[in-house]
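Asks: Numbering that gives the first Met the number 0 puts the sequence shown at residues 0 to 248.
Derived by calculation from the structure, the hints in this document are not laboratory data.
These numbers come from a predicted model, not from an experiment.
Careful, some of the hints might be misleading.
Mimicking DMTMM-like on lysine to aspartate or glutamate, the simulated pairs with C-alpha atoms at most 20 Å apart in a straight line are [what the hints assert, rightly or not]: (1) LYS45 x GLU205; (2) LYS158 x GLU84; (3) LYS243 x GLU146; (4) LYS243 x GLU68; (5) LYS158 x GLU205; (6) LYS243 x ASP77; (7) LYS243 x GLU83; (8) LYS243 x GLU205; (9) LYS195 x ASP148; (10) LYS213 x GLU84; (11) LYS195 x ASP136; (12) LYS243 x ASP92; (13) LYS213 x ASP233; (14) LYS45 x GLU84; (15) LYS45 x GLU146; (16) LYS216 x GLU197; (17) LYS216 x ASP41; (18) LYS213 x GLU197; (19) LYS216 x ASP132; (20) LYS195 x ASP139; (21) LYS243 x GLU197; (22) LYS158 x GLU197; (23) LYS243 x GLU84; (24) LYS243 x ASP111; (25) LYS216 x GLU127; (26) LYS158 x ASP148; (27) LYS195 x ASP233; (28) LYS213 x ASP111; (29) LYS158 x ASP77; (30) LYS213 x GLU146; (31) LYS216 x GLU205; (32) LYS195 x ASP92; (33) LYS45 x ASP77; (34) LYS213 x GLU83; (35) LYS45 x ASP148; (36) LYS158 x ASP233; (37) LYS213 x ASP148.
Pairwise CB distance ranges, derived in the manner of DEER restraints [to be verified]: (38) THR169 x SER90: 52 to 60 Å; (39) GLN247 x THR58: 45 to 53 Å; (40) VAL67 x GLY152: 49 to 57 Å.
Backbone N, C-alpha and C fix where the C-beta goes; we use that ideal spot for every residue, glycine too.
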Amino acid sequence: MNKGGKRVFPLLGGVVAAGLLALMPILLVGPQSAAGSGGAADYEYKVVGGAYAAGGHLTAGRSNEPCVEGVTAAWIGDVSTSAEESLFGGSGDLHIGGHGTSGLVSSSFATDSTFSAHHDRRVSCDREHPAPDTPTDCSDSALRRVEVDANIGGNLGNKVRIQWNIRQTTGPTRGWVPQTFGCVEPFNSFPWQGCKSEATLNTFTEQRFRLRFKCYKVSFVPPPGTDYYRYQADSLVRGFITLKRQHQS
């Protein structure tokens, strides 16, 4: 104790300060910084699970004015697609270098889709003597395989961009749901597109983690070669890929 009655711990304060300084490189260094100091870091992964849920809705019509008997029609339909987590398989890799990050995760799995639709065809265009439309109700199902690719890229830093490519492996490959259903008219134009997400680079150093995706697309433009006077279709897909780190070098 000094003369002023205040307690001082010069030795303890120096020890704490030195300890914090020693920890600073460990606290601040991330996988990108570590790769920069060591040249590069490479990771290999195994797909051990996931989730996939997609849906599509379509409504369209033909020959509104003038009415054409047997041709004027309207229809609406929905499709729903899902997959069980235990059916996911695949692998991935990631390279972290001094100039950026690149990698690819590929997964494939079986899906189960259900379809339901309603179609009305105009029988008579005589407004004075109208006749009821001819209705048709449809339902169907399909088993398909889906492939999901996640292209990973990024510059220096802890953020990476993921470009998702989702496709059917049988029938028309475009789309998040099968494009092979029909109900008098073909239901083969559910819209889709590539979509993007982001993740932290630290995520890829964990022993087990998930990469999530969510994509939506809507279209009001009838498919080429059709004479639809009214058309609207939209699709939504969401899910994740579960990865387990297998190797690091």
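Asks: All hints, please: hold or fail.
Replies: Each hint, compared with the structure:
Taken as a hint, the LYS45 and GLU205 pair is honoured in the structure, with Cα atoms around 13 Å apart against an allowance of 20 Å. This hinted pair does not check out: LYS158 and GLU84 have alpha carbons roughly 27 Å apart, beyond 20 Å. Note on LYS243 and GLU146: the hinted pairing holds, with a Cα-Cα distance of about 19 Å set against a maximum of 20 Å. This hinted pair does not check out: LYS243 and GLU68 have alpha carbons roughly 60 Å apart, beyond 20 Å.
For the hint pairing LYS158 with GLU205, the CA-to-CA distance comes to about 15 Å; that is within 20 Å, so the pair holds. About 35 Å separates the Cα atoms of LYS243 and ASP77, which puts this hinted pair outside 20 Å; it is violated. A C-alpha spacing of about 18 Å is found between LYS243 and GLU83, which places the hinted pair at or below 20 Å, so the restraint holds. Between LYS243 and GLU205 the alpha-carbon distance is near 8 Å, which keeps this suggested pair within the 20 Å criterion.
A distance of roughly 11 Å separates the Cα atoms of LYS195 and ASP148; the hinted pair therefore holds under the 20 Å criterion. Restraint check for LYS213 and GLU84: the C-alpha separation of about 17 Å stays at or below 20 Å, so the hint holds. For the hint pairing LYS195 with ASP136, the CA-to-CA distance comes to about 37 Å; that exceeds 20 Å, so the pair is violated. Between LYS243 and ASP92 the CA atoms are separated by roughly 11 Å; this keeps the pair inside 20 Å, and the hint holds.
With a C-alpha separation of about 14 Å, the suggested pair LYS213 and ASP233 falls inside the 20 Å cut-off, and the hint holds. Pair hint LYS45 plus GLU84 holds up; C-alpha atoms about 14 Å apart against a cutoff of 20 Å. Proximity of LYS45 to GLU146 is assessed by CA-CA distance (about 15 Å); at most 20 Å being required, the pair is judged to hold. Between the alpha carbons of LYS216 and GLU197 the distance comes to roughly 19 Å, so the proposed pair stays at or under 20 Å and holds.
Between LYS216 and ASP41 the CA atoms are separated by roughly 35 Å; this puts the pair beyond 20 Å, and the hint is violated. For the suggested pair LYS213 and GLU197, the alpha carbons sit about 11 Å apart, so the restraint of at most 20 Å is met. Proposed proximity of LYS216 and ASP132 is contradicted: the alpha carbons are some 32 Å apart, above 20 Å. Taking the CA atoms of LYS195 and ASP139, the gap is about 32 Å. The hint is violated against a cut of 20 Å.
Between LYS243 and GLU197, the direct Cα distance comes to roughly 19 Å. Compliance with the 20 Å bound is thereby established for this hinted pair. Distance restraint check for LYS158 and GLU197: the Cα-Cα separation of roughly 7 Å lies within the 20 Å cut-off, and the hinted pair is therefore satisfied. With a CA separation close to 14 Å, the supplied pair LYS243 and GLU84 stays within the 20 Å bound. A hinted pair counts as satisfied when its Cα atoms are at most 20 Å apart, and LYS243 with ASP111 does not qualify at roughly 25 Å.
Of the supplied pair hints, the one linking LYS216 and GLU127 is violated, its CA atoms being roughly 42 Å apart against a limit of 20 Å. The straight-line distance between the Cα atoms of LYS158 and ASP148 is roughly 19 Å, inside the 20 Å bound, and the hint therefore holds. Taking the CA atoms of LYS195 and ASP233, the gap is about 18 Å. The hint holds against a cut of 20 Å. Annotation: proposed proximity of LYS213 to ASP111 holds, straight-line Cα distance about 19 Å (limit 20 Å).
Of the supplied pair hints, the one linking LYS158 and ASP77 is violated, its CA atoms being roughly 37 Å apart against a limit of 20 Å. Restraint check for LYS213 and GLU146: satisfied, since their Cα atoms lie roughly 15 Å apart, inside the 20 Å limit. With a C-alpha separation of about 32 Å, the suggested pair LYS216 and GLU205 falls outside the 20 Å cut-off, and the hint is violated. Taken as a hint, the LYS195 and ASP92 pair is honoured in the structure, with Cα atoms around 18 Å apart against an allowance of 20 Å.
For the suggested pair LYS45 and ASP77, the alpha carbons sit about 34 Å apart, so the restraint of at most 20 Å is broken. The suggested pairing of LYS213 with GLU83 holds, with an alpha-carbon distance near 18 Å, which does not exceed 20 Å. As the CA atoms of LYS45 and ASP148 are separated by approximately 14 Å, the hinted pair is consistent with the 20 Å bound. In summary, the hint linking LYS158 to ASP233 is not supported, as the alpha carbons are separated by about 30 Å, beyond the 20 Å threshold.
For the hint linking LYS213 to ASP148, the alpha-carbon distance of about 14 Å falls within 20 Å, and the restraint holds. The hinted window of 52 to 60 Å between THR169 and SER90 is violated, with their beta carbons roughly 22 Å apart. As the Cβ distance of GLN247 to THR58 is approximately 51 Å, the hint placing it in 45 to 53 Å holds. Our hint of 49 to 57 Å for VAL67 and GLY152 holds, since their Cβ atoms are close to 52 Å apart.
Figure legend: structure checked against the earlier numbered hints; hints not met, in rising order: 2, 4, 6, 11, 17, 19, 20, 24, 25, 29, 31, 33, 36 and 38.
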